[in-house]
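> Protein chains in written order, with my numbering: chain A, 1480 to 1754; chain B, 285 to 509.
Don't read these hints as lab results, they were simulated from the structure.
Don't be surprised by glycine CBs; every beta carbon is placed ideally from N, CA and C.
Some clues are possibly wrong.
[Unchecked claim] Under the rule of at most 25 Å between Cα atoms (straight-line distance), these lysine-lysine pairs were calculated in the PhoX-like manner:
#: 1; chain 1: B; residue 1: Lys421; chain 2: A; residue 2: Lys1694
#: 2; chain 1: A; residue 1: Lys1661; chain 2: A; residue 2: Lys1621
#: 3; chain 1: A; residue 1: Lys1633; chain 2: B; residue 2: Lys376
[To be verified] From chain B, some residues computed to sit far from chain A (all C-beta separations above 12 Å):
#: 4; residue: Ile303
#: 5; residue: Leu317
#: 6; residue: Ile422
[What the hints assert, rightly or not] Incomplete in silico selection of chain A near chain B, CB under 10 Å:
#: 7; residue: Leu1558
#: 8; residue: Ile1572
#: 9; residue: Glu1575
#: 10; residue: Val1697
#: 11; residue: Thr1699
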Amino acid sequence: MNIFKKTIFSVLLSLLVIGSANADKIKIGTEGAYPPWNSKNEAGKLIGFEVELAYTLCRYIGQQCTIVEQDWDGMIPALIMRKFDAIMAGMSITAERQKAINFSQGYADEVASLAVMKGSSLEGLDTPAGINLTKPDGAAKKALKTLTAALAGKTVCVQTATIHQNFLDSGDVGKVNVRTYKTQDEVNLDLASGRCDAALAAAVAFSDYAEKSGKPVVLTGPTFSGGAFGNGVGVGIRKDDTELLNKFNKAIDKARKNGDISRIATKWFGFDASM
Amino acid sequence: MDLELMITSFPKLLNAAAITLKLLSVSLIIGLLIGLLFAILRLNENIFINKFAYGYSYIFRGTPLLVQIFIIYFGLGQIEYLRSTFLWVILKEPYWCAIIAFALNTGAYTSEILRSAFQTIKPGIIEAGQSLGISNKIIFYKIQIPIAIRQSLPAYGNEIILMMKGTSLASTVTIMDLTGVAKYIISTTFKPIEVFIVAGGIYLFMTFIIHNVIKFLEKKYSFNS
């Protein structure tokens, strides 16, 4: 029994020590599997829009940063459990997530879109180029109806715990057979194999995949924003950590004013996705 | 601790446990048949048949179940030729891909369990049958198989429990089993501890049932009774 107690005590102690190490460094969590937002190069090094932006923001804050990898489906729980201090992982600011964590102001706009394989019956849907779901107007409502009819009984694949999953679950496009995957890579694989009739994610995630794999993946239907899709992508920060939140908000202000965000966004996306 | 979340997620997880049990029972039945077949092949004196059966169990026991599922689900899905054959009707479905992987995996372990059980049967028992003029076929079906099954019960019970926990990997290929639904609930509530405690409790309860059923069978078919 005594050995048992000692073991427990030493395990707890080591957890405390690990938890409090590097207190002055800001630890930023990212997924490393959602190009071009964040990904890894062949050497296993984290790269992408948010990795570069994170280092830029940290320079403005004046503190050193380390960027750590975390699976997407455990991102928010890991932040809450203090595995890192901030999330920069293409995470859109949504009301649902704001119940659990705070967000800085948005630094970039994520435009979502459906994708299908070339030749699919879902190609070339009669919808406007883009719809906003915050206050859907007549055209947006009509587009949702078109999508509901087109997607009825179809299998649509998304990454788990994303705004894309939330949108399909919300019932705005009727009863869709939703399949969830751990990573966007797996969504892409099953879209290409034909297991998915369509997939929903950031439009840039599909164009990046089409370009790198050479697979005939094409976007279809309108691009989505607002509503379940949230209000841009921001830095996720723990609720009790208002000091860090202020630091990030100020840093984003400065980076925006100096044109850093536009420059980095254009470099990685091919267009200016900053906001 | 969010007790309310634990209570509200319990019925959803219990529903999902039914999927887990379905995956488990279907793959165990197919796996048992595969295991019995390969155990018999392992006892064959023909070296090619013997090596083939050994190779199967060696490969499936020597690689992680997760890798096997990924190869069957994502790997086979990449082969364009396969997608134009009738096989794709089965392989297109995540459910059947998981069943194939689980059945082949548990089949490999079961074949080893049964083989060693056959080999522990004392030659005297078979000789006793032969001296009574019973045919070899009947000795095999009426003497060797029943003894082998009794011998392998404890090890096979373990295999069932391992397989039950292994079915949690079905969630990696989009199946909404107990783990899949637990992850889904976490994805909207961001509270992994509460949800995984409830899911873990359900797994533990299933283990408890399986363990006791096996123990009961062991007692019932014990040689000393």
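> For each hint, tell me whether it holds in the structure or not.
Consistency of the hints with the structure:
Simply put, Lys421/B and Lys1694/A have alpha-carbon atoms about 57 Å apart, too far for the 25 Å limit, and the pair is violated. Between the alpha carbons of Lys1661/A and Lys1621/A the distance comes to roughly 32 Å, so the proposed pair goes past 25 Å and is violated. The suggested pairing of Lys1633/A with Lys376/B holds, with an alpha-carbon distance near 14 Å, which does not exceed 25 Å. With a least beta-carbon separation of about 15 Å from chain A, Ile303/B lies farther than 12 Å from that chain, consistent with its non-interface assignment.
With a closest Cβ-Cβ approach of about 28 Å to chain A, Leu317/B is found to remain outside the 12 Å limit, as its non-interface label requires. Look at Ile422/B: its CB is around 49 Å from the nearest CB on chain A, clear of 12 Å, so calling it non-interface holds up. Using the Cβ-Cβ criterion of 10 Å, the hint placing Leu1558/A at the interface with chain B is satisfied: the shortest such distance is roughly 9 Å. A cut of 10 Å between beta carbons decides the hint on Ile1572/A: the least distance to chain B is about 15 Å, and the hint is violated.
Interface hint status for Glu1575/A: upheld, as the beta-carbon distance to the closest one in chain B is roughly 7 Å, under 10 Å. About 19 Å separates the beta-carbon of Val1697/A from the nearest beta-carbon of chain B, more than 10 Å, and the hint is not met. Look at Thr1699/A: its Cβ only gets to about 21 Å from chain B, farther than 10 Å, so that hint breaks.
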